[in-house]
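In order, the protein sequence lines correspond to chains U and D. Be aware that the first sequence starts at 760, since it is given in the numbering used here, and climbs by one per residue. Be aware that the second sequence starts at 415, since it is given in the numbering used here, and climbs by one per residue.
Do not rely on the hints blindly, as some may be mistaken.
Claimed, not checked - Across the chosen pairs, the derived CB separations fall in these ranges:
hint, chain 1, residue 1, chain 2, residue 2, range
1, D, 460, U, 770, 51 to 61 Å
2, D, 906, U, 809, 28 to 38 Å
3, D, 962, U, 777, 54 to 64 Å
4, U, 837, D, 749, 25 to 35 Å
Simulated from the structure, these hints should not be mistaken for lab results. Model, not experiment: these values are computed from the prediction. Think of the CB as a built atom: it goes at the ideal place given N, C-alpha and C, for glycine as much as any other residue.
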Amino acid sequence: MSQQNIQAKIRSNPKFAELVGKRTRFAIILSLVVLVPYYSFMMVTAFNPGLLAKPLAEGSVMTWGWPLAALMVVGGWLLTGVYISRANGEFDDLNQQILKEAQK
Amino acid sequence: MKRSLIALSAGLLIAGLAIAAPGALDGVQKQPLNVSAIAMFMVFVIATLGITKWAAGRTKSTADFYTAGGGITGFQNGLAIAGDYMSAATLLGLTSLVYAKGFDGFIYTVSFFIGWPIILFLMAERLRNLGKFTFADIASYRLDQSRIRTFAAFGSLTVVCFYLIVQMVGAGQLIQLLFGLEYNMAVVCVGILMMVYVTFGGMVATTWVQIIKACLLLGGGTALMLLAFSQFGFSFENLFGQAVAAHKAGIKIMAPGSLMADPVSAVSLSFALLFGTAGLPHIMMRFFTVPNAKEARKSVFYATGFIGFFFLVVIILGISAIVIVGQNPAFFEGGQVGGKLIGGGNMPVMHLAKSVGGDIFLGFLSAVAFATILAVVSGLALAGASAIAHDLYARVIKKGEATSAQEMKVTKIASVGIGLTAIALGILFKDQNIAFLVALTFGVAASVNFPVLILSMYWKGLTTRGALWGGVAGLVSAVGLVILSPAVWVKVLGNAQAVFPYDHPAIISMTLAFVVTWLGSVTDKSARAAKEAEAFEEQYIRAQTGLGAAGAHAH
Numbered sequence: 760m761s762q763q764n765i766q767a768k769i770r771s772n773p774k775f776a777e778l779v780g781k782r783t784r785f786a787i788i789l790s791l792v793v794l795v796p797y798y799s800f801m802m803v804t805a806f807n808p809g810l811l812a813k814p815l816a817e818g819s820v821m822t823w824g825w826p827l828a829a830l831m832v833v834g835g836w837l838l839t840g841v842y843i844s845r846a847n848g849e850f851d852d853l854n855q856q857i858l859k860e861a862q863k
Numbered sequence: 415m416k417r418s419l420i421a422l423s424a425g426l427l428i429a430g431l432a433i434a435a436p437g438a439l440d441g442v443q444k445q446p447l448n449v450s451a452i453a454m455f456m457v458f459v460i461a462t463l464g465i466t467k468w469a470a471g472r473t474k475s476t477a478d479f480y481t482a483g484g485g486i487t488g489f490q491n492g493l494a495i496a497g498d499y500m501s502a503a504t505l506l507g508l509t510s511l512v513y514a515k516g517f518d519g520f521i522y523t524v525s526f527f528i529g530w531p532i533i534l535f536l537m538a539e540r541l542r543n544l545g546k547f548t549f550a551d552i553a554s555y556r557l558d559q560s561r562i563r564t565f566a567a568f569g570s571l572t573v574v575c576f577y578l579i580v581q582m583v584g585a586g587q588l589i590q591l592l593f594g595l596e597y598n599m600a601v602v603c604v605g606i607l608m609m610v611y612v613t614f615g616g617m618v619a620t621t622w623v624q625i626i627k628a629c630l631l632l633g634g635g636t637a638l639m640l641l642a643f644s645q646f647g648f649s650f651e652n653l654f655g656q657a658v659a660a661h662k663a664g665i666k667i668m669a670p671g672s673l674m675a676d677p678v679s680a681v682s683l684s685f686a687l688l689f690g691t692a693g694l695p696h697i698m699m700r701f702f703t704v705p706n707a708k709e710a711r712k713s714v715f716y717a718t719g720f721i722g723f724f725f726l727v728v729i730i731l732g733i734s735a736i737v738i739v740g741q742n743p744a745f746f747e748g749g750q751v752g753g754k755l756i757g758g759g760n761m762p763v764m765h766l767a768k769s770v771g772g773d774i775f776l777g778f779l780s781a782v783a784f785a786t787i788l789a790v791v792s793g794l795a796l797a798g799a800s801a802i803a804h805d806l807y808a809r810v811i812k813k814g815e816a817t818s819a820q821e822m823k824v825t826k827i828a829s830v831g832i833g834l835t836a837i838a839l840g841i842l843f844k845d846q847n848i849a850f851l852v853a854l855t856f857g858v859a860a861s862v863n864f865p866v867l868i869l870s871m872y873w874k875g876l877t878t879r880g881a882l883w884g885g886v887a888g889l890v891s892a893v894g895l896v897i898l899s900p901a902v903w904v905k906v907l908g909n910a911q912a913v914f915p916y917d918h919p920a921i922i923s924m925t926l927a928f929v930v931t932w933l934g935s936v937t938d939k940s941a942r943a944a945k946e947a948e949a950f951e952e953q954y955i956r957a958q959t960g961l962g963a964a965g966a967h968a969h
């Protein structure tokens, strides 16, 4: 079967639209979950640094800024885990089905 | 070949020792010869040359050379990406930034990290599905082969060149500092080892050098962190309390300071680091070394974990150094606490190692720093060689008609050429203020490589004309604005006032590149443009499903 034929089959398979739609939405949402807090954080450091300088507890030297920054690093990594668990499972299964059905 | 390689490197180091002995007196920065560091580094060199010998036996085709035949696992590639990305500047520069500025150093570190999750979500699987050997493969997938490929190859080479200078000059200074070797000797050693790894061992050897280095860096950094943190009873409150008491800025180190005071400058920096990372050719090349998109995703997951973990370790090291190094007169010139650190501003982590782990640990960490530089320059040299041999020679000059043997020959010549160029540039830029080169590297990567890459994958309307216009706009504005920035206009050229007030140009140059690319594409009504838009369909299906993507090569 020609390559073009396979491509046309993939294109017309409703599962393809489902895969692309789901995966794209998921990737965009996760990107926003990373970028929105990060740029909010950057803007707070620029416009209202006092907010991050507040102590965590009364009399503590530790300020809010440190655990929040650490959370962005740890959270960013955990989100990569969230993405690959779905992409390497659900999405890849769907992808395999699409490729298999196109070969028929 | 193994014997001759070992003899060669041993000879180099002995020659270095002979030169270093008399030279040790003249430089203020020069440290006494560090025998334990050199011994440990020799172990690393011999082990990696052994691996190079083994890798040389397995490197037969161009696919082996550029991508290790696509046979690297996700976990291995994750370690190698971490090893490729974390340079000596990460260990030394970020700790010294935290040591000097406290929380501002953390903000900078977060900005270096935050690009990784985004690379996974938006790029990793498409890169793997569309690319074969270089990122130019993707940029020129449906656009004009010779023009876009040539342009992308030059984009790669520009970034590789700037970053190599940064690494070579850093290597020379660092090795002079840590090992007591002469600057030029250090640069020559690094250049020759890099040529040997890349020319003989290709991607297989480079990958293993990067994996070993990542393990050493992670292990060494973690051990140092545990030793230092134990002195504070593993209590953050205790650590930070003492750091605030010890630092001359006092409680101010706990809050955002001057680094991010200007929002435009902060955003421009974040653009450069975030999108620049996604435009570094030696990093993107690593995505082609795994067998499929699944492993490509896994590699980013592991890499992000290792990089994030190490960055957090670096923060604790920097804060610990404020207390342990910052109050010990033994680490200051003339014993003046608060004066100039012995060896310069980048040394806090090294002094910390000596303080909590003694001379042996200092030697170990010095050897790790040297290994780190070698791993990064090898990745860069390989990316440069592939741009020359695969993109420019095989695809553009020979129009894809070159045989595998011819292409291999050119890659080897290119690797040696890049090694010699790196040595020459390293020596040429000795004692120059090169801070601007970091801004240039990331600025060009974010403004030239990143826009064409992301648009070619995501935007059907991108045409050859748009990509070229936008690329030129990004390149000219990034380079031009860096020249007009404080780092060059004031610090290098000696003018009183910078024309462009920000060190990082990305906020302007990257935006400009996107706008011009868009404009050049939508106004392009040529028949070629219509064909390119039509070809997007096939590319899109392949990007999404991996249909027709280059698989792993069986050995």
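Given a hinted range of 25 to 35 Å, is it respected by the beta-carbon distance of residue 837/U and residue 749/D?
Violated, at about 46 Å.
Given a hinted range of 54 to 64 Å, is it respected by the beta-carbon distance of residue 962/D and residue 777/U?
violated, 21 Å
Take the C-beta atom of residue 906/D and the C-beta atom of residue 809/U, compute their distance, and say whether it sits inside 28 to 38 Å.
Since the Cβ atoms of residue 906/D and residue 809/U sit about 36 Å apart, the hinted range of 28 to 38 Å holds.
Pairwise beta carbon distance, residue 460/D to residue 770/U, judged against the given window 51 to 61 Å
Because 55 Å falls inside the window, the suggested range holds.
Hints 3 and 4, counting from the list given before, are not met by this structure.
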